[in-house]
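Visitor: Residue-level listing of the chains:
There are 4 protein chains.
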Amino acid sequence: MDAVEALATEETPHAETTHSAHSGPHGYSARKDDHVKRLRRIEGQVRGLQRMVENDTYCIDILTQVSASTKALQSFALSLLEEHLRHCVADAMEKGGAEAEEKVAEATAAISRLLRS
Amino acid sequence: MDAVEALATEETPHAETTHSAHSGPHGYSARKDDHVKRLRRIEGQVRGLQRMVENDTYCIDILTQVSASTKALQSFALSLLEEHLRHCVADAMEKGGAEAEEKVAEATAAISRLLRS
Amino acid sequence: MDAVEALATEETPHAETTHSAHSGPHGYSARKDDHVKRLRRIEGQVRGLQRMVENDTYCIDILTQVSASTKALQSFALSLLEEHLRHCVADAMEKGGAEAEEKVAEATAAISRLLRS
Amino acid sequence: MDAVEALATEETPHAETTHSAHSGPHGYSARKDDHVKRLRRIEGQVRGLQRMVENDTYCIDILTQVSASTKALQSFALSLLEEHLRHCVADAMEKGGAEAEEKVAEATAAISRLLRS
Numbered sequence: 001m002d003a004v005e006a007l008a009t010e011e012t013p014h015a016e017t018t019h020s021a022h023s024g025p026h027g028y029s030a031r032k033d034d035h036v037k038r039l040r041r042i043e044g045q046v047r048g049l050q051r052m053v054e055n056d057t058y059c060i061d062i063l064t065q066v067s068a069s070t071k072a073l074q075s076f077a078l079s080l081l082e083e084h085l086r087h088c089v090a091d092a093m094e095k096g097g098a099e100a101e102e103k104v105a106e107a108t109a110a111i112s113r114l115l116r117s
Numbered sequence: 001m002d003a004v005e006a007l008a009t010e011e012t013p014h015a016e017t018t019h020s021a022h023s024g025p026h027g028y029s030a031r032k033d034d035h036v037k038r039l040r041r042i043e044g045q046v047r048g049l050q051r052m053v054e055n056d057t058y059c060i061d062i063l064t065q066v067s068a069s070t071k072a073l074q075s076f077a078l079s080l081l082e083e084h085l086r087h088c089v090a091d092a093m094e095k096g097g098a099e100a101e102e103k104v105a106e107a108t109a110a111i112s113r114l115l116r117s
Numbered sequence: 001m002d003a004v005e006a007l008a009t010e011e012t013p014h015a016e017t018t019h020s021a022h023s024g025p026h027g028y029s030a031r032k033d034d035h036v037k038r039l040r041r042i043e044g045q046v047r048g049l050q051r052m053v054e055n056d057t058y059c060i061d062i063l064t065q066v067s068a069s070t071k072a073l074q075s076f077a078l079s080l081l082e083e084h085l086r087h088c089v090a091d092a093m094e095k096g097g098a099e100a101e102e103k104v105a106e107a108t109a110a111i112s113r114l115l116r117s
Numbered sequence: 001m002d003a004v005e006a007l008a009t010e011e012t013p014h015a016e017t018t019h020s021a022h023s024g025p026h027g028y029s030a031r032k033d034d035h036v037k038r039l040r041r042i043e044g045q046v047r048g049l050q051r052m053v054e055n056d057t058y059c060i061d062i063l064t065q066v067s068a069s070t071k072a073l074q075s076f077a078l079s080l081l082e083e084h085l086r087h088c089v090a091d092a093m094e095k096g097g098a099e100a101e102e103k104v105a106e107a108t109a110a111i112s113r114l115l116r117s
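Residue numbers (full-length UniProt numbering), protein chains in the order written: chain D, 1 to 117; chain G, 1 to 117; chain L, 1 to 117; chain Y, 1 to 117.
Looking at chain D on its own, in the form it has when it is part of the complex (with noise of 0.2 angstroms):
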């Protein structure tokens, strides 16, 4: 919702590349590629772990890999959830209102969810 406003100011929201400065509608957009980069990381962890598994890796060492990507994961998350607060959560607030509670139950709701994953 307040991504629509941000938008509606911005010329080109996220013309081709243009991945700086707040180039998309959301509070993580003006990171997309690290972002991507990070996931493509963690893409290739769980390749790997494919490649272990076929290759009879010790079981154990396979789930030290898994270790390694959960963490990946929830470190991204992590860092997703806090541009969330910075941006999204923020410009809700400053609306202030149901829209705020809103946006804080939406965010624990998912912290929850990560908690419990």
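Be aware that one or more of the hints could be misleading.
Any copy will do: because identical chains look the same in the list, a pair fits if it lies in one copy or spans two.
To be verified - Capping the alpha-carbon separation at 25 angstroms, the derived lysine-lysine pairs in PhoX-like fashion look like this: (1) 71 to 32; (2) 95 to 37; (3) 71 to 95; (4) 37 to 71.
To be clear, the hints were calculated from the coordinates, so they are not data collected in a lab.
Model the placement of chains G, L and Y on the given structure of chain D, informed by the hints.
Guide: Below, chains G, L and Y alone, put in the same frame as chain D:
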């Protein structure tokens, strides 16, 4: 690494004490296909996350998908761990002594890493 | 308990910046009683764990109870965090600038600690 | 292993307060005192949390203490689990068959609950 070498010299994985139908040198070998399929789905989820970031998907929706991927990885780890206990640790326990102690300590350390990740 | 009652008679915690109905200096102050009650139940669970160990309860049953206590603590943390975002972080965001940035970084670090624990 | 066998011939598993050298029927019995002491410390931490709430301690500091308590509970669970694998599961594995399978499935389910909590 050690697993691979052990594998090279091993003619008959563990002839006498072969627990059920596992065809390879590790507990999870019988379900290798399942595991690889599962990991491919997780790889697909992580690629989906990249598309979500690229398409400016709402942060919270990305976080929900991260939770799903983390849960899938943990679930994979648990099934691997179960087979490890059922086979590798069971084998070591049959022989008893220091090796059994070691295997249990090693499995516990792996569980601890999963809990902390 | 008496601290909570004392709070009720507290004149004006921080008059100017009082956001909505919270009666104390922190986001969670309005629900102090609830929180303390909740923590007492968790304390009771931990005492129950001691009895279980003393009475030689089966290991797995103790582990189930540990999971319940951990979940209860996480759930308490989440409700505290939600109120913190709703009040303390919102206050900082209203003022904006460095303080808001700091509060968000601080909250993110706390979430990270919860995820790793 | 031999400790467990010794236990089989024991007349009175935990007569009075014999808290040493495998005095009880479970894997963790030898360390009962340690476990109870550990749980008492955790109980103290949870009581500390109540005082923090009552004294209007800053939310983030309370969250840090919650993380510490959760970590302590998880660590207690891990040591219990390790002893469970080392003794109860090992015993079942010695007998083999359905009971061993069951014990491993049961332990895995307990680990899963810990991961989700």
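Visitor: For every hint, state whether the structure bears it out.
Guide: Outcome of the hint check:
In the homo-oligomer, the alpha carbons of residue 71 and residue 32 lie at most 25 angstroms apart both inside one protomer (20 angstroms) and across protomers (24 angstroms), since each shortest distance falls under that limit. Proximity of residue 95 to residue 37 under the C-alpha cut-off of 25 angstroms is found in neither arrangement, the shortest distances being 34 angstroms within a copy and 34 angstroms between copies. In this assembly of identical chains, the alpha carbons of residue 71 and residue 95 never lie at most 25 angstroms apart, being 35 angstroms within a copy and 34 angstroms across copies at closest. Taking the closest pair of Cα atoms, residue 37 and residue 71 come within 25 angstroms of each other both inside a single copy (16 angstroms) and across two copies (22 angstroms).
The structure shown violates the earlier hints numbered 2 and 3.
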